[in-house]
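Visitor: First to last, the protein sequences are chains A and D.
According to the working numbering, the first sequence holds residues 2 to 757 in order.
According to the working numbering, the second sequence holds residues 2 to 757 in order.
Check the hints yourself; a few may be wrong.
Pairs count within a copy or across copies, as identical chains cannot be separated in the list.
As the list claims (entries may be wrong) - Quick list of in silico lysine-lysine cross-link-like pairs, DSSO-like style, CA-CA up to 27 Å:
| # | residue 1 | residue 2 |
| --- | --- | --- |
| 1 | K368 | K659 |
| 2 | K127 | K368 |
| 3 | K564 | K638 |
| 4 | K368 | K716 |
| 5 | K109 | K99 |
| 6 | K716 | K275 |
| 7 | K98 | K607 |
| 8 | K662 | K564 |
| 9 | K605 | K98 |
| 10 | K50 | K210 |
| 11 | K99 | K368 |
| 12 | K364 | K336 |
| 13 | K299 | K610 |
| 14 | K109 | K607 |
| 15 | K654 | K709 |
| 16 | K98 | K219 |
| 17 | K201 | K636 |
| 18 | K98 | K210 |
| 19 | K298 | K708 |
| 20 | K701 | K299 |
| 21 | K109 | K201 |
| 22 | K201 | K610 |
| 23 | K536 | K701 |
| 24 | K219 | K525 |
| 25 | K275 | K654 |
| 26 | K605 | K109 |
| 27 | K427 | K525 |
| 28 | K368 | K201 |
None of these hints come from the bench; they were simulated from the model.
Each chain, letter by letter, is given below.
Number of protein chains: 2
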Amino acid sequence: MSRNRFVALLAAVLAGTSWGQTLQDVMKARNLTQQDLLAAAKTYVPTGKRDDFIVFSSGGQSGQVIVYGVPSMRILKYLAVFTPEPWQGYGFDEESKKVLAEGSMNGKQITWGDTHHPAISETDGKYDGQFLFINDKANPRMAVIDLRDFETKQIVVNPVYKSEHGGAFVTPNSEYVMEAAQYAAPLESGYVPLDEFNDKYRGGLTYWKFDRGSGRIKPDESFSFELPPYSQDLSDSGKGPSMGWGFTNSFCSERYVGGIELGRPPFEAGCSAKDTDFLHITNWQKGAELVKAGKAKKINGHNVIPIDLAVKEGALFLVPEPKSPHGADVTPDGKFIIVSGKLDTHTMVYSFEKIQKAIADKKFEGKDPYGIPIIAMKDALQAQVELGLGPLHTQFDKKPCWAYTSLYVDSQVARWDYCQGKVLDKLSVHYNIGHLLTMEGDSVDPKGRYLIALNKLAIDRFNPVGPLHPQNHQLIDISGDKMQLLYDMPLPLGEPHYAVAISASTLKPGVRYKVGTNSRTDQKHPGAVRAGEEKIVRNPGKVEVFGTLIRSHITPEIIEVEKGDEVTINLTNLERAQDETHGFTVSGLNVHASIEPGKTVSVKFKAEKEGVYPYYCTEFCSALHLEMMGYFLVKPKGYVAKAGAAKAVEYTKADYEKQFKTNQDTQKVIDGVVAWITSTNFKDFPDAVALVEDATDQLKAAEEPKKKMEEAAKKEDWQNATLWAGQWWQYQVKAADIGLRAKTYLEQKGAKPTKK
Amino acid sequence: MSRNRFVALLAAVLAGTSWGQTLQDVMKARNLTQQDLLAAAKTYVPTGKRDDFIVFSSGGQSGQVIVYGVPSMRILKYLAVFTPEPWQGYGFDEESKKVLAEGSMNGKQITWGDTHHPAISETDGKYDGQFLFINDKANPRMAVIDLRDFETKQIVVNPVYKSEHGGAFVTPNSEYVMEAAQYAAPLESGYVPLDEFNDKYRGGLTYWKFDRGSGRIKPDESFSFELPPYSQDLSDSGKGPSMGWGFTNSFCSERYVGGIELGRPPFEAGCSAKDTDFLHITNWQKGAELVKAGKAKKINGHNVIPIDLAVKEGALFLVPEPKSPHGADVTPDGKFIIVSGKLDTHTMVYSFEKIQKAIADKKFEGKDPYGIPIIAMKDALQAQVELGLGPLHTQFDKKPCWAYTSLYVDSQVARWDYCQGKVLDKLSVHYNIGHLLTMEGDSVDPKGRYLIALNKLAIDRFNPVGPLHPQNHQLIDISGDKMQLLYDMPLPLGEPHYAVAISASTLKPGVRYKVGTNSRTDQKHPGAVRAGEEKIVRNPGKVEVFGTLIRSHITPEIIEVEKGDEVTINLTNLERAQDETHGFTVSGLNVHASIEPGKTVSVKFKAEKEGVYPYYCTEFCSALHLEMMGYFLVKPKGYVAKAGAAKAVEYTKADYEKQFKTNQDTQKVIDGVVAWITSTNFKDFPDAVALVEDATDQLKAAEEPKKKMEEAAKKEDWQNATLWAGQWWQYQVKAADIGLRAKTYLEQKGAKPTKK
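Build the full structure now, drawing on both the sequences and the hints.
Guide: Structure, rendered in structure tokens:
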């Protein structure tokens, strides 16, 4: 919109024309301030427009990942990761069950997770948008999500931890994914009494090797540093000058073991008694060399670098850090590491150069009880800045030296300059902010513009929904001199801990699979068939169905088995059209699958009880979606059918002719829509082209029932002629539906007539 | 804001002052039209403000219910109903496991649902906001949710259906909840071949008796009408003049059984061959009388009224309705029933008065094959209106006679007048709308203002997130002469089918439980204890823990059991403060619970494997949340401890004095905040009063560690004196945190100093 037009419009408002009057009325009626209107204008995304950034947020105790857009703060998807989720068929189809089964622990299927810190894969320290990693704090595991289809592909269990928290953080080319232990425990399995805590309990830091080619973590090439029984917490990877190093903070370096029930002060008292904890500095390149040289110890089959070896090889150091910190954040240039202690008002800026100098000079203030050299805080410190109460986590702006730190106790965000060591601005948030994020704010190339406060309490911010409240992610505009609060977003499911935001344009997800794909292995599915190849294969005690799905029928429509049969149903979605997902369930048997275009899935169950079990498509896919169904019947063993088919409604020649006439009329409508579309420059709109292709597919599919109709009519079989004419019409209706959508789309997008 | 002020502001814009310049810049930079800005102003809800309406939407295949606000379209909560959900502890704690177990079918635990149609309880036909009902299409079940705490309290399995779709719909005082079958099947259990379809397969309509006092469905007082094997679909209850009656539509009254794999036309062809299906009219008051009189048949222990009895007693009639309809919607005055056929362009308005007249006059055009009298369409019809392609579902405006009908194939909403039988306006939506809703739009008192289009396809509306797309709920302003599209809302999890919206002010949920409540039974929990009463009870092979949770420790902190023990952990959240939920997990054992203020839950598991299992609070509740942990240890059978306690860090008199000084300084800060708060009219703000109470609680809790500190210091036990001083300080930090939140809140709300 030109400036002139805008001014003209405002003049019109003053003159009291209807639009201006309405805006004025709306602001008055809804009690909106000017600032509110500005925030609304900054966050509103009109229909069909896109968000600029995509956030991947941990889903906390839901076990999932939450995907939302910025600035609209609309949630686009909950990705199923550690918890079965039926809409996505996750944990219901056989393919995803295998992924979840990889995450079993202690002989148990784990059906949830406590996701904490997502990380996007990086190339040269920049987000590349290819993969997402996320950890499970409750059950020490790491998951890999492919951002081509937003599906979880792999779960790996940490073989030496009993608890973790500090993952996932990636090295600058996603060579490794970092995962630190949390509550100390023996690295081996088995019972060790708490009175042997200092000697036999340990922490650790795992570097999971990621193989970009296969898109999977390689457990055999991964390794862990054994660490003292401090509660290791979050990490960050070095970059640029600090490439090859990792930084991991910790709390409870007091090694206090509570026991309030025994009259002892609780963990919280004993774990916050000292003024400092330890920042752990590890050299993963050296670690990888040690593993390659066969010097690592194997614990539970996993490569572990013992403390003494790491110390001897110069791969492990400590620096005191402020009390009870949460987050070690490397600046975009890789020169500094910022650490805040929740119970200290100061935030510390450590210099990597100074740390390296101390190491080179062997200048240590001593060793910890496990022999790890300690660099004095003063020898590592670049600056120390008083930000406020409860500083927690730091992210970066695109402006050099600008950082943002969450202040948990103050319920504020501080903007500050870590080069000059001074506070620039503060903003109150609601309430008790934990982590925060800026756009690509922990990469080498932060994008500025927005910050999101991940507040731990919402209290009064939203309409009440019972004792369990949503959380509150607040969007803040950081483009100006003062930070401005723009939007409060409730989180409806799970407590997000940490989130990362990527430029939307970097993501290139697909909308369909190559026909017959097992999406969890990216391989051709052995159960896939094409249209016309559907079959039911029977072997003693086993029935395997190879079926297909297309608007609006499932092939086959009747599946009869005997009691006791083990049944496998493979289903391929034959659609090519975007968003034409079909679902599948057999009523009452706890079976469900989601089958996106091109995907093949299988469901497997035992036919335990004789009976009639309708099955149907669970995604409203077309006007006759409700008719997209069939019957699964479990017969008594050895049952032989007695009677003929049930008597259906009988159709006459008149019925046939009526349907035929309808089809001819419908074709005329379709021809009209086609003529309109092809008279425009629709080829300039890829989405419209896709719709036209889909409509063409439907009309192609109509040819077969039409042929069958003609054959039946020739034989004066009016019953089948009428029904096949109806089926031809169903395809016509689908084609018309799609054509109308394309027409609406083109009109809205301003398609122009083309000259002929 | 006064009009003068608004005009002054606009003048300022013209003069190029900063705010106006900024709005102009934002509109230009973000390419927003005037219409977009207006829509933004109509939907934006500033921080701390509330939405006007609350929507309860089915969560489709997620098995849950989605709660969101209007006009902001922000999702506030996913309510766990049919699918286990760990954030809420649903299906993880023993209390909710019992609710889910009620929903088992065919000897199987069902771990998902396909929720379709929510209904809010009604009093005199108006939404009363007390209860929510929702059905499961995949596994014929009905759930009851209490809107005091937004928790699922009951699941009932339909004892005679194998499939359902058409629930929940309530009678005007929630006497009954309606649930219709979908795909025909034998009402009894067991196998019946498809060739006996016409004779032995049946549909049905269940009236579940709801008891408002206990807040539960009473299966024994519920009953079903046996219906022909047509696919019954959605229902609505009569009201006003039609009170006592129910209306249920159907499709596939052709009774066609497909078999495309046998060369037969598919279900979709055979089930859409006739021009009409049947609207079923049932008299539930008469039905209840028949059951009371003992005339119902028992099938699987459930009261079933056979077709012939219902016909004989005048409780069951049919009227032809347009082809493949979806939705029978009674007008707010109870006089008309509106039915649309997806494959018919017409929408029919049936007159209840005419239907009653035909019944009184015994004027029928015949009987269906099951002997049910058929009222001729012309004898029941008030009007017939051509709305467009694929008409589906109708909702009502507060303006008399105004209705809105979704047009699936046209991807449009039609506003029309059902009294005058004319179309008033149409609006395109994106894409393929299924149901729609207006505010309280199916009650006797619709509120107008907004309409939401529940579109089945989103295709290109949002940033891409892989082959599985979100759906699109579009908010439409219906307050003016022309409908206006305001907002596109992506649905991130599950496919919502139907939704209902209630005035936010009608809902009165609580924020805490009475201490020690089992929220699933609303009774005192036998495992509840108060602070200081925590204990571990050991019996052979069994260990039962009675523990508590409070910021920031779990009591007990160490739980040791022997291998093979069956372990029950009961936990009571002692908090009173709003939003102070604690979570609980034992790492690696698939245990989780969410414990809101006052709630008591129990988790139960077997200690199968010797080892060390940290446990922790999974909700970030306070600055020392990470320290809110403990150790669960599984010892070998008969193990006797050998060594003493591990050596902790040693604290000196100097350490104690340092901590003591810190505490004194902290107290001064707290006193300052308290002085500020109490100098204002904070008592006028209930939320601030609650915060002050919480802070007072924390300071009261500080008294005990302070006393223990003093005792230890007297004995010169500097170790314990230091740690207890630390614990005192932890409570001070919590009090300060809350005090600061209260101060921020009061400043933002414009609290004023009070005179003394």
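Visitor: Does each hint fit the structure? Answer for all of them.
Guide: Okay, the hints, checked on the actual structure:
1. Taking the shortest Cα distances, K368 and K659 sit within 27 Å of each other only across copies (25 Å), while inside one copy they are farther apart (93 Å).
2. Taking CA atoms no more than 27 Å apart as the test, K127 paired with K368 passes in neither setting, with 36 Å inside one copy and 73 Å between copies.
3. For the identical chains of this complex, K564 and K638 are intra-copy neighbours only, at 6 Å inside a copy versus 44 Å across copies, given an alpha-carbon limit of 27 Å.
4. Taking the closest pair of Cα atoms, K368 and K716 never come within 27 Å of each other, the shortest separation being 96 Å inside a single copy and 33 Å across copies.
5. When the C-alpha separation of K109 and K99 is checked against a cutoff of 27 Å, the pair qualifies both within a copy, at 14 Å, and between copies, at 21 Å.
6. Taking the shortest Cα distances, K716 and K275 sit within 27 Å of each other only across copies (22 Å), while inside one copy they are farther apart (94 Å).
7. For the homomeric pair K98 and K607, the shortest alpha-carbon distances inside one copy (16 Å) and between copies (24 Å) are both at most 27 Å.
8. In the homo-oligomer, the alpha carbons of K662 and K564 never lie at most 27 Å apart, since the shortest distance is 47 Å inside one protomer and 77 Å across protomers.
9. Taking CA atoms no more than 27 Å apart as the test, K605 paired with K98 passes in both settings, with 11 Å inside one copy and 25 Å between copies.
10. Taking the shortest Cα distances, K50 and K210 never come within 27 Å of each other, neither inside one copy (38 Å) nor across copies (48 Å).
11. Taking identical chains as interchangeable, the C-alpha atoms of K99 and K368 are never at most 27 Å apart, the minima being 46 Å within one chain and 54 Å between chains.
12. In this homomeric assembly, K364 and K336 come within 27 Å of each other (Cα to Cα) only inside a single copy, at 20 Å, whereas the closest approach across copies is 90 Å.
13. Taking the shortest alpha-carbon separations for K299 and K610, only the inter-copy value of 22 Å comes in at or below 27 Å, while the best intra-copy value is 49 Å.
14. Taking the shortest alpha-carbon separations for K109 and K607, both the intra-copy value of 22 Å and the inter-copy value of 11 Å come in at or below 27 Å.
15. In the homo-oligomer, the alpha carbons of K654 and K709 lie at most 27 Å apart inside one protomer (16 Å), although the nearest pairing across protomers, at 97 Å, exceeds that limit.
16. In the homo-oligomer, the alpha carbons of K98 and K219 lie at most 27 Å apart inside one protomer (20 Å), although the nearest pairing across protomers, at 37 Å, exceeds that limit.
17. Within a single copy, K201 and K636 get their C-alpha atoms only as close as 60 Å, which misses the 27 Å cut-off; across copies the closest is 15 Å, which meets it.
18. In the homo-oligomer, the alpha carbons of K98 and K210 lie at most 27 Å apart inside one protomer (24 Å), although the nearest pairing across protomers, at 39 Å, exceeds that limit.
19. Taking the closest pair of Cα atoms, K298 and K708 never come within 27 Å of each other, the shortest separation being 71 Å inside a single copy and 49 Å across copies.
20. Taking identical chains as interchangeable, the C-alpha atoms of K701 and K299 are never at most 27 Å apart, the minima being 61 Å within one chain and 51 Å between chains.
21. When the C-alpha separation of K109 and K201 is checked against a cutoff of 27 Å, the pair qualifies only within one copy, where the shortest distance is 26 Å, while the shortest distance between copies is 44 Å.
22. In this homomeric assembly, K201 and K610 come within 27 Å of each other (Cα to Cα) only across copies, at 19 Å, whereas the closest approach inside a single copy is 53 Å.
23. In this assembly of identical chains, the alpha carbons of K536 and K701 lie at most 27 Å apart only when taken from the same copy (23 Å versus 73 Å across copies).
24. Taking identical chains as interchangeable, the C-alpha atoms of K219 and K525 lie at most 27 Å apart only when both belong to the same chain, with a minimum of 22 Å there against 51 Å between chains.
25. In this assembly of identical chains, K275 and K654 lie within 27 Å of each other by CA distance solely across copies; the values are 14 Å between and 93 Å within a copy.
26. Taking the shortest Cα distances, K605 and K109 sit within 27 Å of each other both inside one copy (21 Å) and across copies (14 Å).
27. With identical chains, the CA atoms of K427 and K525 are never at most 27 Å apart, being 54 Å at best within one copy and 46 Å at best between copies.
28. Taking CA atoms no more than 27 Å apart as the test, K368 paired with K201 passes inside one copy only; the shortest distance there is 19 Å, against 83 Å between copies.
Consistency with the previously given hints fails for numbers 2, 4, 8, 10, 11, 19, 20, 27, ordered from lowest to highest.
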